[in-house]
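Chemist: Each chain, letter by letter, is given below.
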Amino acid sequence: MVESVADETLMLAYKSGDVRSFEQLVRRHRGAVYNFLLRLSGNRQRAEDLLQETWLKVVRSAGTYEARARFTTWVYTIARNLCMDAMRKDSYRKADSLDATQGDGEDERALGEKVPSPDALPDRAAHAQALRPVLEKALGKLPMEQREVFLLREYHGVQFKEIAQVTGVPENTVKSRMRYALEALRKQLAAAGIEGDMAEEPKGAASGLAG
Amino acid sequence: MVVKPESDSCANLDALLLDYAYGELEDASRRKLEDHLTGCPRCRTALMQVAEVRHAMAALTPEPAPEAGMESLLSYAAQAAAHRTAQKPATSALWRWLVPSLSAAGVAAVALTLVLKPGAMREQFAPAPAVVARVSSEPARANENEKDVYKKAEEKKAEMGARNPADLPVDRLEPKAPADEPKEAVMKAPMPVAPAVQAPPSPKPAPAKVAFAEEAKGGFGKNQMHAAGPGALEGQAGDDRLADKDGAGRGEAQKPSAPARPSEPPPPPPAAAPVPMGLSAASPQPQPQPDTASKGGGTATGSSKYPEYPRTQQGPLGKFDQAPAAEAEAATRDPSKASDKQARKEKMVATDFSSMSNAGKVFPSPTAASNADLDENDRASARDAKKKMAKTEPAPAQAKEEAPRAQSAEELLALAEQQRTTGDLNAVEATWKRFLDRFPNHPKAPAIAKARVDLLVEMKRVQDATLARRELMEKWPNSPEAKAAPGASGPRNGVASPARAAPMEKHRAVDLEQVAPAAAAH
Chain A
1 MVESVADETL
11 MLAYKSGDVR
21 SFEQLVRRHR
31 GAVYNFLLRL
41 SGNRQRAEDL
51 LQETWLKVVR
61 SAGTYEARAR
71 FTTWVYTIAR
81 NLCMDAMRKD
91 SYRKADSLDA
101 TQGDGEDERA
111 LGEKVPSPDA
121 LPDRAAHAQA
131 LRPVLEKALG
141 KLPMEQREVF
151 LLREYHGVQF
161 KEIAQVTGVP
171 ENTVKSRMRY
181 ALEALRKQLA
191 AAGIEGDMAE
201 EPKGAASGLA
211 G
Chain B
1 MVVKPESDSC
11 ANLDALLLDY
21 AYGELEDASR
31 RKLEDHLTGC
41 PRCRTALMQV
51 AEVRHAMAAL
61 TPEPAPEAGM
71 ESLLSYAAQA
81 AAHRTAQKPA
91 TSALWRWLVP
101 SLSAAGVAAV
111 ALTLVLKPGA
121 MREQFAPAPA
131 VVARVSSEPA
141 RANENEKDVY
151 KKAEEKKAEM
161 GARNPADLPV
171 DRLEPKAPAD
181 EPKEAVMKAP
191 MPVAPAVQAP
201 PSPKPAPAKV
211 AFAEEAKGGF
221 GKNQMHAAGP
231 GALEGQAGDD
241 RLADKDGAGR
251 GEAQKPSAPA
261 RPSEPPPPPP
271 AAAPVPMGLS
281 AASPQPQPQP
291 DTASKGGGTA
301 TGSSKYPEYP
311 RTQQGPLGKF
321 DQAPAAEAEA
331 ATRDPSKASD
341 KQARKEKMVA
351 TDFSSMSNAG
361 KVFPSPTAAS
371 NADLDENDRA
381 SARDAKKKMA
391 KTEPAPAQAK
401 EEAPRAQSAE
411 ELLALAEQQR
421 TTGDLNAVEA
431 TWKRFLDRFP
441 NHPKAPAIAK
451 ARVDLLVEMK
461 RVQDATLARR
471 ELMEKWPNSP
481 EAKAAPGASG
491 PRNGVASPAR
501 AAPMEKHRAV
511 DLEQVAPAAA
521 AH
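Protein chains in written order, with the working numbering: chain A, 1 to 211; chain B, 1 to 522.
Possibly wrong hints are sitting among the right ones.
[Unchecked claim] For lysine to aspartate or glutamate, the following EDC-like pairs were computed, each having C-alpha atoms within a straight-line distance of at most 20 Å:
no., chain 1, residue 1, chain 2, residue 2
1, A, 161, B, 35
2, A, 89, A, 48
3, A, 137, A, 183
4, A, 161, B, 24
Calculated from the structure, these hints are not laboratory results.
Based on the provided sequences and hints, a complete structural model is requested.
Modeler: Dropping the structure here:
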């Protein structure tokens, strides 16, 4: 029903005063933005703060919003820039938090433990649960510019040319960062003894975080 | 991405592997690449590796976002939307400049009408207090039955192009809020602005109030909302890359004219200001609120709104603050009018209270005022209620003792500070005035009153300065500011010679009804 209304339409509706449209938008994308920020910052509290900031910024920028780009691209841009700023501002702390949440085993579990995988098979869920810390660690070790590209493409379905918009670099650069990211991840996963089981389709990947 | 026919080599197609892996390739290119893959193990391996990583990383499933902050976010969004739509008509700087000028003009016109047709005035404005009371005492419970009327009123309102900030979706408010919010609306009422001059209505006034109410009770989890207003916050809005690219973010966000803070309700929307009858005599519909305005805002409505005020002072002060020149002039021409007005004022207060008792039953919202039938109905019920009220409604004023909490004293003062930094003296003055009206017992009130006097002198608003000084003397007679006032501002008062005639300079409490003619006589 409401899901059929385009994001951009909703945003324009909010721009002209319809608050319910905004609520729809938030409900639609809040989870995805949160997970993006969570994986990008590697810190749950920070992700929560940045999530709020992101949407507040959407509100504040609504008056000048024009549907030139996809709404999601725009929101990810805001979220990404806020996150980068925050992490730049206290880079020392950023290092700490990354280390703390993703660097060593215990905290990694803290980051992932609460999360059941909703619609997966039980054994697969258990598998994912066990893998989670390793995967988070692998992600956390990616340089930011690779991590953001990988996250957006892998978990949020953002196309490369849109990622170029979000990150402000040419599409070719985005792709080469993506290649580096994939290669780095592959090496880390291999080092951790995780091999992609090619007997199965990597189906969950693209749609997994879309909501 | 399209593969050119000649780019069949591995190196060229390799660039497409990512697109292919993520399903971004168009059909033609995809087929071409797939053809290539069948005969190229190297590319197949590369693709396989991508797929493996993707497969492994898919185990990292999303976490649910915390609900925290959701409510405050939506409140803020609602408020911002209302703020935005309210500001569209005119930039707020222009608005702030216009309000005092126009309100003065409007009140002058009404006062003139009063002089010329005293009787007609009373008749015309009779229903007004009831409406005001209805607005301010609208009980939340009444809303269930009134949804329909709301809708009708909405439509009506849309037709009229009227915008009334008191028209709230009260069902989202705290039980107490409805009493508070409308007051806020009424408080803005005493600024009559010719609607023709002011810009069109904004369709969504209500949410701002809602947000406001929620925020007032601490709705914002993130205190950045309080630390800086939309003005300041919007200042940051431009720093996303994309937003800048798109020209978003900066533009209106950084206008210095957006000093309003989130906790502050948007500036009085154009059409929300009552239309003085004298200016819109042709209007076929009863316009209740003008009455409050024409009566000086502080009279009937004032006394019911701010029970903490001594009633004898409040009316006159409000009135003179609104239209010093006009009122004084009116009083001068017809000295007997003072007592006449006083009597009428008291009568209206009574009506005001009485109509409160059944306010919720008949009228959902002030928008109903635009419905002539309903209005007639209301008059009748107000009359009935008036009879009952003496017995059954012991002290309606007390019900409002919880007073306008909507905007705290500190917030108003901070706002004034902010406005001061932008050099918008009219706005500063208006904010201080609002502060003084609402928090006369605030410890800083005398100081602010004094500062306001000085500001008005500085702005060469002689009459207003005179009256403000008078107000200072009367309301806070024992404050050091009041005692210092004559001496301190006396010298600068060369411009404001009429003020010197005021007996107040002798530190006496003066009945403004009597002083006004004297001051105007000069």
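Chemist: Please go over all the hints and tell whether each is borne out by the structure.
Modeler: Here's how the hints hold up against the structure:
1. A:161 <-> B:35: 25 Å, violated
2. A:89 <-> A:48: Distance of about 17 Å is within 20 Å: holds.
3. A:137 <-> A:183: 15 Å, holds
4. A:161 <-> B:24: 10 Å, holds
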